[in-house]
Amino acid sequence: MLNSIMLLRLESADSRPLHEQLAAGIRRAVADGHWRPGDRLPPARDLAEQLDVNPNTVLRAFRQLRDEQLLEFRRGRGVTVAPRSPGAAAVKEAVHGLIALAAHHGYTRQELITMIEEAP
Amino acid sequence: MTRRLPLITTIVVWTAVLTAGLVATQLALSDRLPATLATHWGPGGDPDRTAGATTILVAFTAVAWLGAALGVVAAARGALAPRLNRGFLLGGLFGLGGMLAGVHIQILLANLDVGDWRQADLGVEAVVLMLLPAAAGGLLGVLVAGRADEVREPQAAPGRIDVAPGQRLMWATRVHATWMTVMSVVIACLAALTLALYIAGLGDVPWPVPATLLLVALAGVPLTSVTVSAGQRGVTLRFGPFGWPVWRIRLADIEEAAEVERHALEVGGWGFRSTPRATAVMLRSGTCLRLTRRGRKDVYVSVPDADTAAGVINGLLHADRATAG
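Protein chains in written order, with my numbering: chain A, 147 to 266; chain B, 85 to 409.
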């Protein structure tokens with residue numbers, strides 16, 4: 147049986163807001179196959195306590211990932227990883243990395259899109 | 085290997101001696117026993133089940149050797165090298181042997197010198213004959229297991245994931261116990277079945293039977309899964325599909341965390357266990373996260389990637405102490 151494991155790290159030195167960092171960490175856990183479709187995440191309250199952040203920060207990260215269709219909120223079952231192909235999660239993670247890299251080097255999102263479109 | 089062989093030899097020799105004892109006792113008394121023996125007594129004290137003398141002997145011997153076979157398999161797999169394991173294994177097997185011998189002699193005594201099994205009478209000593217040899221056997225097994233293997237695996241220095249100032253770290257896992265889920269469902273089905281029989285008035289099912297089965301099934305539900313998280317708050321365990329009950333161990337109460345190999349038998353069994361030495365949550369086999377607490381019993385939680393979990397906790401403890409000191 148595969149194991150559900152998650153290691154999350156938040157850095158105050160990081161320019162990204164905490165909820166972004168948290169979302170990235172969860173994305174990573176899903177992309178790496180550590181947290182699989184249907185697996186339930188620890189409750190937001192536990193994540194907030196263990197990371198010493200406001201519960202709203204966690205909920206914001208959860209909502210963002212739900213909008214990305216990575217997570218599902220289900221009544222009585224808490225927050226679970228949405229059923230999807232593992233490839234999609236990996237691509238999504240790579241896209242996020244690419245956007246961050248582009249931003250770091252001063253490219254706007256629009257310029258990045260143009261670059262992708264012009265790519266062979 | 086040198087360690088496993090004596091254990092297996094002990095099991096086989098013990099079971100052989102037990103078998104010889106059972107056979108010898110029954111042969112010695114065979115002239116004074118009826119052809120069919122009463123083997124079970126109803127609530128009123130009247131015998132209600134019978135078996136032939138040979139069947140009884142075969143059944144008792146079979147149970148003894150089945151226990152021995154399981155013991156040999158466990159020993160050969162090497163999961164049972166440390167003393168506590170050996171204690172549990174031999175204690176269990178010797179206890180089983182004691183109980184078999186006790187029940188056997190009890191059946192023989194009850195049937196002794198009676199013309200017909202219907203006259204077989206169970207004496208007041210029945211309970212003593214069942215419990216005392218079992219307890220004595222268990223104790224003997226633990227003593228035979230000895231303290232020879234008390235030296236545990238060499239402990240590596242506990243790992244630590246360094247936490248820089250301004251950094252926040254947490255680790256989480258979710259463990260499912262399929263066996264517990266299956267067991268709870270099976271017991272719940274039995275509860276439903278016996279309840280249906282009770283309501284229908286079939287088979288004389290007393291009401292405590294379905295009630296007890298239902299309670300056992302419900303008690304198992306929290307142990308079907310556990311979510312474990314480790315971070316600034318300490319270690320939080322959430323049991324079952326509803327994340328309740330919750331057990332929180334504060335970071336300040338933890339002295340040190342480590343990854344250790346523990347078999348369920350070493351910490352008292354599967355599920356949630358509390359022994360004088362430790363409290364354990366064993367839902368899977370393999371590595372355990374051991375939390376050494378200040379002035380309290382150690383906690384063992386069977387989790388995957390316990391190494392990382394221990395690293396996170398030790399890292400946070402170190403960071404806390406660095407700021408405090």
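Please note that a few of the clues may not be correct.
[To be verified] Now the stretches of chain B that chain A is said to cover, found in silico as 3 or more residues with beta-carbon under 8 Å:
1) 119-131
2) 221-227
3) 250-262
4) 317-324
Because the hints were derived from the structure by calculation, they are not lab data.
Every residue gets a Cβ at the ideal spot worked out from N, C-alpha and C, and that includes glycine.
Hint check results:
1. Using a Cβ-Cβ cut-off of 8 Å, 0 residues of the stretch 119-131 of chain B lie near chain A, which falls short of the minimum of three, so the contact claim is violated.
2. Only when three residues or more bring their CB closer than 8 Å to a CB of chain A does the claim for the stretch 221-227 of chain B stand; here the count is 0, and the claim is violated.
3. With 12 residues bearing a CB less than 8 Å from a CB of chain A, the stretch 250-262 of chain B meets the requirement of three and the coverage assertion stands.
4. Residue count for the stretch 317-324 of chain B with a Cβ under 8 Å from a Cβ of chain A: 3. That meets the three needed, and the coverage hint holds.
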